[in-house]
Amino acid sequence: MAAAKPGGDATPPLANIDRLVHEPARLLIMSYLYVVDGADFLFLSRQTGVTFGNLSSHMSKLEAAGYVEVEKKFVGKKPRTMLHLTSQGRAALERYRADMKQVLDELLGTGQGNPGKR
Amino acid sequence: MPKLLDLTRLERRAWKSTHQDGLFDVMLGVMLLQVAIGPWLYDRGVPVPRTLTIMFALAALAVLGFLVGKRFVTKPRLGMVEFGQDRKVKNKKAVIFLSISLVAGMIWFGVALMGLAGLADLAGWIVPAGIFGVQAIVIFSLLAYFMDLSRLYLYGWLYALVFPGRIICVEYIGIPDFIAVLVPAAVMVTIGVVLFVRFLRRYRLTEEYHLAEGTSDGRG
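Top to bottom, those sequences are chains A and B. Under the working numbering, the first residue of the first sequence is numbered 1, with each subsequent residue one higher. Under the working numbering, the first residue of the second sequence is numbered 1, with each subsequent residue one higher.
Just chain A, with the same shape it has in the complex (with noise of 0.2 Å):
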């Protein structure tokens, strides 16, 4: 089997990948905040698994690249903290999937022009 090629086709869809959205966990949060259209901290920690420390961390990076908006609110007399995708989150993640599907098609050699196949 050939090696491959450094810098060969296959390395530009890989540059792609958006390593924000990459990451495990943060890549959980994101797509639980894709499907509904909010949630708050509590509910993203029991779907995911992931503590609140480390939830924490993960919402203040996509905060700040503009993926995930905070709203506080109060439900009766309580402060809540909802989570929502904005619509930058939203084309990242649609993105993501995107490049990711390339990569894989290419990697597994399913993909058009099937160069990868053995």
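Derived by calculation from the structure, the hints in this document are not laboratory data. Wrong hints could be hidden among the right ones.
Stated by the list, open to error - Simulated crosslink set (DSS-like; lysine-lysine; CA at most 25 Å straight-line):
#1 Lys70(B) <-> Lys73(A)
#2 Lys93(B) <-> Lys75(B)
#3 Lys16(B) <-> Lys93(B)
#4 Lys78(A) <-> Lys75(B)
#5 Lys72(A) <-> Lys88(B)
#6 Lys72(A) <-> Lys70(B)
#7 Lys90(B) <-> Lys75(B)
#8 Lys93(B) <-> Lys77(A)
#9 Lys77(A) <-> Lys16(B)
#10 Lys75(B) <-> Lys88(B)
#11 Lys70(B) <-> Lys101(A)
#12 Lys16(B) <-> Lys75(B)
#13 Lys75(B) <-> Lys72(A)
#14 Lys70(B) <-> Lys93(B)
#15 Lys93(B) <-> Lys73(A)
#16 Lys92(B) <-> Lys75(B)
#17 Lys16(B) <-> Lys90(B)
#18 Lys88(B) <-> Lys16(B)
#19 Lys70(B) <-> Lys78(A)
#20 Lys70(B) <-> Lys90(B)
#21 Lys16(B) <-> Lys92(B)
#22 Lys77(A) <-> Lys61(A)
#23 Lys16(B) <-> Lys70(B)
#24 Lys70(B) <-> Lys88(B)
#25 Lys70(B) <-> Lys92(B)
#26 Lys61(A) <-> Lys73(A)
Remember, it's a predicted structure, so these values are computed and weren't measured experimentally.
Following the hints, complete the assembly by docking chain B onto the known chain A.
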């Protein structure tokens, strides 16, 4: 190749997690008791207005218990989530079907208990029981479909079997008719209680929750 990110499955998983507390199951079990308690009281000579009052009170109690449980047990343990537009439309349809079934059931019983359906003897219950059974299966199947909760298909059949079961109990087996109600209701309540206990053990109240509640998000 499996889907890279199955978002539909993820949304369904999130949705289902909000119904793993068993409260809905317990409510439906008590509702079944409520629906079936009418003829039981009627047979024992309880006046129709009082029978209907007891039925409404039991139904109200079931709904109240469900709402209180969601507010004070489920949300503090599971957190809050707002589902998307597709889910909201599905939920709206489920509520409409459930409301129609409740209103239809109550009207049907009101009419039946006032003696307009010729229910003087047990044989007179066969046709109404069939109508109620078909109604229950259709309504619950639609609910199961719209709510993505497959155990509601089973509940539809449990509801449907109450009145045929009552006839079989009295006419063919010779055991008290309330068993025909008690068994399916107990099945639903038991499933609900088992789910509820599992939910409480899985989602305990944590310090992190109190922190999050007090400071909005736990970030100080």
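Item to complete: Go through the numbered hints given earlier and state which of them the structure violates, listing their numbers in rising order.
Response: The structure conflicts with hints 8, 9, 11, 15 and 22, although it agrees with all the remaining ones.
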